[in-house]
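Chemist: As a plain string of letters, each chain reads:
There are 4 protein chains.
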Amino acid sequence: MTEELTSTIVHEIIQKRPVAAHKGNFGRVLVIAGNPQFGGAGIMAATAAINAGAGLVTLATDPINFTALHSRTPEAMVIDWHDDAQLALAIEQADVILIGPGLGTDELAVHLVKKTFTTIKTAQKLVVDGSALKVMAENNLVFPLNIFSVATPHQGEWEVLSGIKLSYQDNLSLNNVQRSILNINVLVLKQHHTLIMSELGEFHLGIGGPYMAVGGMGDTLAGIIAAFIAQFPNAIKATEAAVYVHSAIADQMAQHSYIVKPSIIADFLPNYMARIKNNLVEPENPTN
Amino acid sequence: MTEELTSTIVHEIIQKRPVAAHKGNFGRVLVIAGNPQFGGAGIMAATAAINAGAGLVTLATDPINFTALHSRTPEAMVIDWHDDAQLALAIEQADVILIGPGLGTDELAVHLVKKTFTTIKTAQKLVVDGSALKVMAENNLVFPLNIFSVATPHQGEWEVLSGIKLSYQDNLSLNNVQRSILNINVLVLKQHHTLIMSELGEFHLGIGGPYMAVGGMGDTLAGIIAAFIAQFPNAIKATEAAVYVHSAIADQMAQHSYIVKPSIIADFLPNYMARIKNNLVEPENPTN
Amino acid sequence: MTEELTSTIVHEIIQKRPVAAHKGNFGRVLVIAGNPQFGGAGIMAATAAINAGAGLVTLATDPINFTALHSRTPEAMVIDWHDDAQLALAIEQADVILIGPGLGTDELAVHLVKKTFTTIKTAQKLVVDGSALKVMAENNLVFPLNIFSVATPHQGEWEVLSGIKLSYQDNLSLNNVQRSILNINVLVLKQHHTLIMSELGEFHLGIGGPYMAVGGMGDTLAGIIAAFIAQFPNAIKATEAAVYVHSAIADQMAQHSYIVKPSIIADFLPNYMARIKNNLVEPENPTN
Amino acid sequence: MTEELTSTIVHEIIQKRPVAAHKGNFGRVLVIAGNPQFGGAGIMAATAAINAGAGLVTLATDPINFTALHSRTPEAMVIDWHDDAQLALAIEQADVILIGPGLGTDELAVHLVKKTFTTIKTAQKLVVDGSALKVMAENNLVFPLNIFSVATPHQGEWEVLSGIKLSYQDNLSLNNVQRSILNINVLVLKQHHTLIMSELGEFHLGIGGPYMAVGGMGDTLAGIIAAFIAQFPNAIKATEAAVYVHSAIADQMAQHSYIVKPSIIADFLPNYMARIKNNLVEPENPTN
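Chains as they are written, first to last, in full-length UniProt numbering: chain A, 1 to 288; chain B, 1 to 288; chain C, 1 to 288; chain D, 1 to 288.
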């Protein structure tokens, strides 16, 4: 049986920062995302990571996306993902690597996934989202061993990657077995009531809604997860908190907004997190 | 005789979304728009489509417009409209195709209109606006058969396309005959009191005003229409609702704004639609 | 003796628009501005023209500026100022041409000024600002005959153009003689208390302040003037009103802002003009 | 012993501007910053300089950064830092030169630092930040003689530049000796409680906090320092005020924001400075 994820998780995870902390304490996130057609995905993921509190965020992407990212978020750094040496250095320096939003599935995408998976080191953490999951399935790639890994497929992507058909995805043990075999520490299965599975158990998200059915929603979530893992101690719980925060903000915005744009969820992250830190958002009944 | 379009139409069309809905339920919109000179038109149409609630929006345009679009609206996807293969795929996958805003009338524009008209399939819907209407007139193109089509000419464009002179455009039957012959399901004739003609009858818009006389107003309207058709069940009524929403927002903004910028109308769409959904906007007397 | 320009001028000029008006009624403005180094000047002038109510605005500029303009103001159209044929067409179609903000003084700048001055026709109006005035002085160019012309030099530019030294610029008759000889219908001499001279007399601006000492302030003013001339009937009074509006907004913003950025003045234009139209801004004592 | 820097410094420095002042009175700032990977640093520094009140601001940078800067801040001017002649002219015309944010340490970076240091003249002021300090250390460069210089290293950069190990950096005399030898007029040593050392004594900053641990924070500070030095009379005190303002704004924002983005600190500068000017921010107890 799954337990419902409640606001307790965000109050547990989002704490006042240590007074003397500096950028290094909140992690270096590398986002590998955004081909020329889906550039917005990389822009949204990197921006979400910054707004969610990562110390330093670099977007490795096609250079066509540099300017739009900097127009929105000058705090981000960029590297041309065609530049193998620069990318290798960025991978080496990262605490958390998020790969996948708007990556596409072409030869370059395959190369980027392979390169990341083969050079990532044990102390680093990995978030795999979107097209990177498709690349894995199409190329029979497995998650790297001994790396803390989060996967964030929607149901269709999970079907292809895990071999578990949509109609069987309600079977939690099946999902958990596949998660283990695939070496995924946290599986975020995006669906009507998103499921989060890890060694801490199975949780489902009771919040969120159809106003979130907007392109880019998953890219923003992936960025928040990466930032939370980078800055908060317990990576599994940090992932759970990230999933909760993403939908909690959407729920609050939906009171005044027919659809909720993911880029605007990112804008509200610092304020939402401050209210959690200050205990101003009531658990279970957010009305601010 | 025409009937006045009232706010009843928006209350009828804009409903609470089904709880378990996902992006696919709200349609995939392809916007083909924006040459190097009129790039803003494509940017505004695509942004309006996203803000109005379409599930996924792709802008096929000149690559010079990618960055400005992503700076404003990272939720949009893009394709280079010179890339025939990619465009063909995008046309095939779309639920609604909007062609015309800032398209221009050069050889490429003609090619794009022809390609769209010859490859669109019966289940798909079509919105034709701006220069695409001029391209049709100049090249003796007709609307594709068995495709639900909306045309949004202003009076001058309608004169050229339909052969109905401005001085005769008050004759509704004449307009309706031409609409039928041209195979247009909904004709949105943009003028002081915009007319909407379809098999459901003739309606005129009693709201809106001269503060809307700003470049880009029509591009934004076209984007809203495409999004409404993509997500709401009755395409004719969805078009009527889109036309109403566009001017209703402008009227509210005009209380505090000498001119109303179309890009700002797009910004207000999610909030306006939420108020309609929550029955907070009084029919006929909007004062919020 | 000069008279002080009061808020009476804005209440006289900024009126409710005719109900059935369309874009064509508010004029087509062509802004020729913004070389690669001073691109922001063109962006600010064009944006100000749109926000001030011009019907249609095109920026002829270096293509490097297209994307930043569209990121901020998708309502604007653009043309590459190296494209002589396209520029000729744009000049021909314009009601008002503003040339000069960030134009520079190189060979291309000289060509653009000459081309504009030799092809502009009697019914069209001309606003000459910034580097275009320097180009005129350096190349012994005169204002075109029989064209309604506004010049907006600051004192240094006026010294070079008119031959009137700074120390003699308090002599209004001297300025007026030179204005006449140079065929300038309205001279806006930008200084601590800006002077406006025309056949309607000499006015000085009593409002404004040192919070306006920010780069780009003149570019924004030039855009407002062009838009006002394009949409309001009396071009001399429209210029006076534009000068007043520009500083009146700055004064209101300065209550909460140590410096006033010209791009933000442009943002406030529609709201300020609505308040004038609705008689909500008290003459001489703006406190809203 | 160090004294705590209090809000007295901002009330002393930020005064009502002289009524008849113009752009020239508030200084011409040249920012040399932002390689393709760290372009946002240059954008944030230049924007901060404008918002903090510098009269005219030019960013010398890689051309890839022009558009993003203009999208955010059209008030800035730009030059391509590969263009030696244009750069030489800009250096000559500047009142204050800020070099370093996101500069990198490659051959071009070294050239730019050397060029600046060898051509700057006595009346001009210099702010050296970020990678420019690393370039100095790696190339054994010294601060130019007889130039008012501010250096803004964080502790690691100071270690490399000064030879003073982190563990000895609490020794103020040691720091002051090295500051003198290196010919730095004001040393801003960025750390938990930032230290400011000059001939006026040693001050530490008691405000600020871990919500400021966001990439780009130092770039924004450097831009504020440059603008304050450019417009306010006492360059040492102006630097102290800039350091205080930067953290005071962050503290106010942190009441509602878990992290404080440096680009948003820049947005609030004009309002904060207006409140100081109007004595609306109570010393030591900011609650607005």
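Hints listed in this document are in silico derivations from the structure and should not be mistaken for laboratory results.
Quick caveat, the model's predicted, so the values are computed rather than measured.
The C-beta atom is built at its ideal place from N, Cα and C for all residues, glycine as well.
Among the clues, some could well be false.
[Stated by the list, open to error] No more than 20 angstroms apart at the CA atoms, straight line, and that leaves these computed lysine to aspartate or glutamate pairs for EDC-like:
#1 A:K23 - D:E159
#2 B:K114 - B:D170
#3 A:K115 - A:D84
#4 C:K23 - B:D95
#5 A:K277 - D:E159
#6 B:K277 - A:D251
#7 B:K23 - A:D251
#8 D:K23 - C:D95
#9 D:K16 - C:E159
#10 B:K115 - B:E159
#11 D:K277 - C:D251
#12 B:K277 - B:D251
#13 A:K16 - D:D251
#14 C:K23 - B:D80
#15 B:K23 - A:D84
#16 D:K23 - C:E159
[Claimed, not checked] To give an idea of the chain D side of the interface with chain A (calculated C-beta under 7 angstroms), a few residues:
#17 V19
#18 A20
#19 G24
#20 L166
#21 S167
#22 H256
#23 K261
#24 N278
#25 L280
Chemist: It remains to establish, for every hint, whether it holds in the given structure.
Modeler: Structure-based check of each hint:
The suggested pairing of K23 of chain A with E159 of chain D holds, with an alpha-carbon distance near 18 angstroms, which does not exceed 20 angstroms. The suggested pairing of K114 of chain B with D170 of chain B is violated, with an alpha-carbon distance near 31 angstroms, which exceeds 20 angstroms. A threshold of 20 angstroms between alpha carbons decides the hint, and for K115 of chain A with D84 of chain A the separation of about 9 angstroms falls inside it, so the pair holds. At most 20 angstroms may separate the alpha-carbon atoms for a hinted pair to count; K23 of chain C and D95 of chain B exceed this at roughly 32 angstroms.
The suggested pairing of K277 of chain A with E159 of chain D is violated, with an alpha-carbon distance near 35 angstroms, which exceeds 20 angstroms. A distance of roughly 15 angstroms separates the Cα atoms of K277 of chain B and D251 of chain A; the hinted pair therefore holds under the 20 angstroms criterion. Taking the CA atoms of K23 of chain B and D251 of chain A, the gap is near 17 angstroms; set against the 20 angstroms cutoff, the hint holds. For a cut-off of 20 angstroms, the pair hint linking K23 of chain D to D95 of chain C is broken: about 32 angstroms separates their Cα positions.
For the hint linking K16 of chain D to E159 of chain C, the alpha-carbon distance of about 30 angstroms lies beyond 20 angstroms, and the restraint is violated. At roughly 24 angstroms between alpha-carbon atoms, K115 of chain B and E159 of chain B are farther apart than 20 angstroms, so this suggested pair is violated. The hinted pair formed by K277 of chain D and D251 of chain C meets the criterion: a straight-line CA distance of about 15 angstroms does not exceed 20 angstroms. A hinted pair counts as satisfied when its Cα atoms are at most 20 angstroms apart, and K277 of chain B with D251 of chain B qualifies at roughly 19 angstroms.
This hinted pair checks out: K16 of chain A and D251 of chain D have alpha carbons roughly 14 angstroms apart, not beyond 20 angstroms. Distance hint between K23 of chain C and D80 of chain B is unfulfilled; the C-alpha atoms sit about 31 angstroms from each other, more than 20 angstroms. Simply put, K23 of chain B and D84 of chain A have alpha-carbon atoms about 35 angstroms apart, too far for the 20 angstroms limit, and the pair is violated. As the CA atoms of K23 of chain D and E159 of chain C are separated by approximately 18 angstroms, the hinted pair is consistent with the 20 angstroms bound.
Nearest Cβ of chain A to the Cβ of V19 of chain D: about 35 angstroms, over the 7 angstroms cut. The hint is violated. Proximity of A20 of chain D to chain A is violated relative to the hint, the smallest CB-CB distance being about 35 angstroms (cut-off 7 angstroms). Violation of the interface hint for G24 of chain D is found here, the shortest Cβ-Cβ separation to chain A being roughly 28 angstroms, above the 7 angstroms cut-off. Hint status for L166 of chain D: violated, given a least beta-carbon distance of 13 angstroms to chain A, over 7 angstroms.
At a threshold of 7 angstroms, the smallest CB-CB gap from S167 of chain D to chain A is about 16 angstroms, leaving the interface hint violated. Because the beta carbon of H256 of chain D sits about 5 angstroms from the nearest beta carbon in chain A, less than 7 angstroms, this interface hint is met. With a cut of 7 angstroms, the hint placing K261 of chain D at the interface with chain A holds, because the nearest CB-to-CB distance is about 6 angstroms. Annotation: N278 of chain D was flagged as interfacial toward chain A, and the flag is violated, the nearest CB pair being 27 angstroms apart, outside 7 angstroms.
Hint on L280 of chain D is violated. Least Cβ distance to chain A is approximately 23 angstroms, over the 7 angstroms limit.
Checked against the numbered hints above, the structure breaks hints 2, 4, 5, 8, 9, 10, 14, 15, 17, 18, 19, 20, 21, 24, 25 and satisfies the rest.
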